[in-house]
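Kindly produce the complete structure, drawing on both the sequences and the hints.
Chain order of the listed sequences is W and S. When the first sequence is numbered by my numbering, its final residue is 240 and no position is left out of the sequence of numbers. When the second sequence is numbered by my numbering, its final residue is 259 and no position is left out of the sequence of numbers.
The set of hints was computed from the structure by calculation and includes no laboratory data. Each hint should be verified, as a subset may be incorrect.
Derived BS3-like pairs: lysine-lysine, alpha-carbon spacing no greater than 30 Å straight-line [stated by the list, open to error]:
(1) W/Lys154 / S/Lys17
(2) W/Lys204 / S/Lys221
(3) S/Lys256 / W/Lys204
(4) S/Lys9 / W/Lys154
(5) S/Lys245 / W/Lys204
(6) S/Lys26 / W/Lys194
(7) S/Lys129 / W/Lys175
(8) S/Lys251 / W/Lys212
(9) W/Lys204 / S/Lys248
(10) W/Lys212 / S/Lys245
(11) W/Lys194 / S/Lys248
(12) S/Lys129 / W/Lys88
(13) W/Lys63 / S/Lys9
(14) W/Lys204 / S/Lys129
(15) W/Lys204 / S/Lys179
(16) S/Lys245 / W/Lys101
(17) W/Lys204 / S/Lys255
(18) S/Lys129 / W/Lys11
(19) S/Lys248 / W/Lys212
(20) W/Lys101 / S/Lys51
(21) S/Lys221 / W/Lys212
(22) W/Lys194 / S/Lys17
(23) S/Lys221 / W/Lys20
(24) W/Lys194 / S/Lys245
(25) S/Lys179 / W/Lys101
(26) S/Lys129 / W/Lys154
(27) S/Lys5 / W/Lys101
(28) W/Lys70 / S/Lys5
(29) S/Lys122 / W/Lys204
(30) W/Lys70 / S/Lys17
(31) W/Lys204 / S/Lys251
(32) W/Lys175 / S/Lys221
(33) S/Lys9 / W/Lys194
(34) W/Lys63 / S/Lys5
(35) W/Lys204 / S/Lys51
(36) S/Lys37 / W/Lys204
Source: prediction; values computed, not measured.
Residues per chain are reported as follows:
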Amino acid sequence: MSGNTDMKLIKNGVRLDGRKPEELREIKMELGVLKRPQGSAYVEWGKNKVIAAVYGPRELHPKFMQNPTKAVVRYTYNMAPFSVDDRKRPGPDRRSVEISKISSEALTAVVETEDYPNTVIDVFVEVLQADAGTRCAALTCASLALADAGVPMKDMVVACAAGKINDHIVLDLGKEEDNFGQADVPVAITPLSKDIVLLQMDGKLTRDEYSKALNLAVDGAMQVYEMMKKTLIGSLNRKE
Amino acid sequence: MDVTKYIVKDYITNLLKEGRRVDGRKYDEARPIEVVKGYAKEKSSGSALVKLGDTQVIAGISVGLGEPYSDRPTSGIMTTSAELRPIASPDFELGPPRENSVELARVVDRGIRESGCIDVDKLFIEENKVWTVFIDLHMMDNHGNLIDASALAAMAALLDARMPKLEDGKIISGEWDGKLPITCTPIPLTFAKIADTIIADPNMQEEYALDARLTITTTEKEVNAMQKGGEGRFTIAEAEDLIDKAFKSAKQVRKKIES
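Encoded structure:
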């Protein structure tokens, strides 16, 4: 967030990419895109392209990391070097370590971890093309991959962000809006109970703007959830 | 796996069901804060020791010369690092930063950066030359809520910090030229959810028991950074309610840090 308000990001209720304030980017979802993992999914969210895969439950090594009461959900968020304008140095950086940590916690809230003590459920997410909102696209994709793998879950996890541009609260920030906007609030929820499992915020929001952004992000996530349901039901019909 | 943590978790959770906290505090009561600015002032630009109950964190500020980012050629830059030193807890080990210290540093960094409290436009010197502000956080004694203690120490140290003296483009060590330009005082407040109870400023035993935590950094009228952690959930109503609590509680703490 640079808070650079000189840049006109919204004009007469229309955003740079033609969207209305409360409109999501176009989203596509697909399951079972990889053969080797137990489960996988692909999500295209605007110009973001992410692919997620699940291995496990499998034995966790080293042994001291095992939990005899439940499975560990390990989440690895990785950006491909070619996913951004200036090549990203391969390997984990501080940003991806943080995103992996909070996303793993979000998924642990829904996975029936008690069913698989001493194991790890590995979720790998590769960001192949990044255009703002990758943590939300990645987490949504990971949740689909877990479902594709048949890992028992209490609920899905679905993520979406809202933010502030030129003093307007809008849904699902695009790249310029993220770079030159005033605030970003990524949220992940469990759609059945509408609980929050991931919440971050950065920028400048008043009390009321925060409330509006939080609720808008939750509404956006519920719209994404409808797409997830269609994708999951569609894949079941194909398997029969 | 550490069995003690499970026993402590049970104990803390059951205690809260009876409406009590392990150290007798009220649900929304933070531990006492003690601030010592200029704790290591002979060499560093700024420093502060903050005690949050028994938790102790030392923050040091170094101001040096650097190159600006290409997309903001006329702004100074800042970076925040956190080290969970093994001196602070038997749980901390030597080695490269792990996810907890990375998250800690990034949450502290976000509150300071997004509030704009360091006036980075005033840190421009000349083309391709700006001041760089390093915030280094040293955990000294971990009794819980390192995030708040670290962010408060960072803020106190920033308020304490002086600008190095520049002569012929070089820094004259040991001599100072005014204060680091600071515009506001962002204050973090971390809340923990244990079973269905929400408490402010969790201590270490409460951290073993927490299902989820939420850190909210605010300035006078704005929220600048938030971070949810932990494997549990918050309801939307809780996430709204805690904002009001954060704004309210931050006032007292801000006075303490600014004084």
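Q | Ascending list of hint numbers which this structure does not respect | A | Result: hints 18, 25, 26 break, sorted rising.
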